[in-house]
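Could you build the full structure based on these sequences and the hints that come with them?
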Amino acid sequence: MPNSEEEKNASSAIEDNAAGAEKPADAQAETGAAPQAEAELAASETEVGAAADEEDTAADPLDDLNAKLEEAMAQLEDYRDQALRAEAEMQNVRRRAERDVANAHKFGLEKFLGNLVPVVDSLEKAIEAAEQAGKADDPLVEGVQLCLKLLLDLLEKENVKVLDPVGEPFDPQFHEAMSMIENPDVEPNSVVLVVQKGYVLNERLVRPAMVMVAKGESPSIDEKA
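Just remember that this note's numbering sits 34 ahead of the position in the sequence shown, which is counted from 1.
Just so you know, these hints were derived from the structure itself, not from any lab.
Hints should not be assumed to be uniformly reliable.
[Said to hold, decoys possible] Ranges of calculated distance between the beta carbons of each label pair, as one might list FRET restraints: (1) N193 to D155: 18 to 24 angstroms; (2) E210 to E158: 43 to 49 angstroms; (3) R128 to G201: 45 to 51 angstroms.
Just so you know, even glycine gets a beta-carbon here, dropped at the ideal spot from N, CA and C.
Structure representation (structure tokens):
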């Protein structure tokens with residue numbers, strides 16, 4: 035009986051030792067499993083990050099290409115605008131040059147005409163004085179009349195118009211009033227007398243006609259003393 039009891043105690047002690055030995059082994063197994071799981075998780079995250087980096091790297095060239103394309107299109111549009119502005123400026127310069135040439139051809143005689151009309155005035159006054167003196171048939175006067183006619187024909191050929199507005203309504207654009215006089219035989223504000231003829235070159239006034247104007251009840255011009 036004592037042997038049997040001792041055997042039981044010994045068997046119980048062995049079982050306790052075995053149980054105690056299993057617990058540290060289990061704990062050690064559990065302790066070793068945790069770092070392994072963390073390592074696997076870290077590796078998985080690394081793989082995910084690497085995959086994302088690869089996607090970003092693959093997307094970057096496309097983004098750069100799109101950005102460069104947009105920049106090139108904007109630059110092209112700017113060049114197109116510059117070309118259009120340059121073309122418009124060239125057209126304006128061409129039109130101005132053509133207009134200047136046309137005006138030079140059209141009004142090139144203006145200065146010369148301004149110097150010539152006093153000569154015409156002198157010839158007309160000489161003929162008028164000869165007629166008043168009864169010498170209209172004098173050969174010298176006839177020669178002056180011929181010179182005057184040649185000059186007037188030449189001016190007409192060059193589109194020069196002589197302003198001799200006797201009996202016409204006063205026009206401040208082409209006439210200059212020297213004075214206003216009473217004259218019941220004509221309409222008020224009409225030209226009674228031309229003191230000096232005027233001249234127009236291609237519808238541009240070279241010299242206004244100096245005139246005297248009939249008075250009216252409500253004169254439209256100011257009398258010039």
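Going down the list of hints, with the structure as the test:
no.	hint	in the structure
1	N193 to D155: 18 to 24 angstroms	holds, 20 angstroms
2	E210 to E158: 43 to 49 angstroms	violated, 18 angstroms
3	R128 to G201: 45 to 51 angstroms	holds, 47 angstroms
The structure is inconsistent with hint 2 alone, although it conforms to all the rest.
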